[in-house]
Amino acid sequence: MDAFIELDGVEKVFDVRRRTGFLRRERRQVRAVDGLSFTVARGEIVGYIGPNGAGKSTTIKMLTGILTPSGGRLRVAGIDPARERTRLAHRIGVVFGQRTTLWWDLPLIDSYRLAHRMYRIPDARYRENLDRLVELLDLESLLEVPVRQLSLGQRMRGDIAAALLHDPEVLYLDEPTIGLDVVSKARVREFLGELNTERGTTVLLTTHDLQDIERLCSRVMVIDHGRMMYDGPLAGLHEAGESERTLVVDLERELPPIDVGPAARVVRVEGPRQWLAFPASESAAPLVARIAAEHPLVDLSVREPDIEAVIGRMYADRETVVPGARNS
Amino acid sequence: MGSVRLYAAVAAGSFRRYATYRAATAAGVFTNTVFGLILVYTYLALWDERPQLGGYDQAQAVTYVWLGQALFATLALQGGGFEAELMERIRTGAVAIDLYRPADLQLWWFAADLGRSFFQLLGRGVIPFAFGALVFPSALPSDPWLWLRFLLALLLAMVVSFGIRFLVALSGFWLLDGTGALQLLMVSGMFCTGMALPLNAFPEPLGGIVRALPWSAMLQMPADLLMGETGALRTYAFQAGWAVVLLVLGRMVQVAATRRVVVQGG
Ligand SMILES: Nc1ncnc2c1ncn2[C@@H]1O[C@H](COP(=O)(O)OP(=O)(O)OP(=O)(O)O)[C@@H](O)[C@H]1O
Ligand SMILES: [Mg+2]
Chain A
1 MDAFIELDGV EKVFDVRRRT GFLRRERRQV RAVDGLSFTV ARGEIVGYIG PNGAGKSTTI
61 KMLTGILTPS GGRLRVAGID PARERTRLAH RIGVVFGQRT TLWWDLPLID SYRLAHRMYR
121 IPDARYRENL DRLVELLDLE SLLEVPVRQL SLGQRMRGDI AAALLHDPEV LYLDEPTIGL
181 DVVSKARVRE FLGELNTERG TTVLLTTHDL QDIERLCSRV MVIDHGRMMY DGPLAGLHEA
241 GESERTLVVD LERELPPIDV GPAARVVRVE GPRQWLAFPA SESAAPLVAR IAAEHPLVDL
301 SVREPDIEAV IGRMYADRET VVPGARNS
Chain B
1 MGSVRLYAAV AAGSFRRYAT YRAATAAGVF TNTVFGLILV YTYLALWDER PQLGGYDQAQ
61 AVTYVWLGQA LFATLALQGG GFEAELMERI RTGAVAIDLY RPADLQLWWF AADLGRSFFQ
121 LLGRGVIPFA FGALVFPSAL PSDPWLWLRF LLALLLAMVV SFGIRFLVAL SGFWLLDGTG
181 ALQLLMVSGM FCTGMALPLN AFPEPLGGIV RALPWSAMLQ MPADLLMGET GALRTYAFQA
241 GWAVVLLVLG RMVQVAATRR VVVQGG
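Those sequence lines, one after another, are chains A and B. The opening position of the first sequence corresponds to residue 1 in our numbering, with each subsequent residue numbered one higher. The opening position of the second sequence corresponds to residue 1 in our numbering, with each subsequent residue numbered one higher.
Worth flagging that the hints you see were computed from the coordinates, not collected in a lab. Every residue, glycine too, gets a C-beta built ideally from N, C-alpha and C.
Partial selection, computed: residues in chain B whose CB lies under 8 Å from chain A:
hint : residue
1    : R5
2    : L6
3    : G13
4    : R16
5    : R17
6    : T20
7    : A96
8    : L99
9    : Y100
10   : R101
11   : A103
Covered by chain B, per the in silico footprint, the following chain A stretches (three or more residues, Cβ under 8 Å):
hint : region
12   : 58–70
13   : 79–91
14   : 114–125
The following block holds chain A by itself, in its conformation from the complex:
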């Protein structure tokens, strides 16, 4: 496979100076990224997650070349981003969800015209890409609207289009769905999925919304304290987190917690309704059969493991790991 993004032991240490008293300052070092290694192949769509302060944004900044790593080796398309930031800029697209690249006081279209000049996009290609993006992201009626008058979701769609006009080979998204409503989120996700399958654009997606990951990414990387905690398929995350599915049963009447052997355990009772947890890797069929045979069952439903809970457990575990005394 063609490794498009390559990190090898990348580190980023920030020097933080803090006032501790009158004219007294304390110097402290923050290891935002601590020996991070991974590769992303061309055409992959990878979720990049971790708790607040894990080092995700720092990694993205290093990948765009606006931050220089303190150590290790980093290459994007064979280029060292910090050294050849401008050359690389023509090949990457970036969306920072919390900021905008658009021209605040001017109509949206002005920002696109500027991108046309900035990335030296040939006229025909520019027009073609603009038409396509305007259609896919439903921007037609917004082109003449000043950016400051756009809603958050509209602005985000505008920003995504701006990042893609020059046909970047890779798109970095730092929380692109932050603050969006359900409909806008779905639209952005759908668009990113299409972009990846149809154009083969490599996508690195940072988010706190795990549904983004579930919908889009076959591979997920979890980092914490600047270190890689997990890198693999989304499904594997359930195993890594020992996740459970939940069977919700409605019985004919209020009963004490039902006994179904070691296959599952009741975690909650509320009137005639009971919640049973069982391993996500097991089939629900034998369990359902047994309950139906032994108890007055009225209705039931199965809830998939909550990936949020899985990852929450991972983050929490991390805090309690004592070096040399790991128990798993």
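Add chain B with the ligands to chain A, keeping to what the hints say.
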């Protein structure tokens, strides 16, 4: 060639952006006119006491006032251009966006500031200037070539003004809180550009020192050129000299800043 079009687009966009601030422009025109009136009457009283102060007669002193009001926003004589915005972007980390673009930070902001200057020359400068010239005695030349030479000096003044403010803005990479730097810019702009009193009228040796500083390239020298007090070549040489020094310095600071840059915020 491609980059000329890019920076032209940046300047044009910036021009249009300032054109959308209609209320601010109207308020600015009003303020500059009122300030002009106050200064004119003050100067007239002062020149009654000290005729030929700084080598100006009364008409020249009045013209100098209105020129100052017309160029106040155009040359951001006391700040008010891109610098506060750039500093804010450095402080909040939004400068990350400026940095990863395939464009040069200095040229980008220079183009944006030029666009702003041109808008404010037309939008905020022309009315107070015309008002002053019509209502009060004036020392404006009738030679169209002299006006042309003045416009070139004005362009160079824009470059010098940008050069100073770019350095102030970049200090944000080290200071993080730009309020002090912006205040310094305002105060230095008030005295060293000659907004308060023409630099010619400063007592020596202070006058000699201030006239050698880059601020005098902004209002004082173009004014003297327009009113026939000094020659074009001398003016251009002085302005261009400072423009080069400031731009090169700005470039060096930019390289240092982006090398050690710590982009703020998530
Ligand atoms: N400019 C900076 N100066 C000092 N420390 C910084 C700086 N930028 C980031 N950090 C620190 O580096 C660590 C990683 O920050 P980063 O912004 O990469 O986190 P993140 O994973 O993006 O978090 P979030 O999910 O909250 O956006 C944090 O501990 C943060 O405090
Ligand atoms: Mg972040």
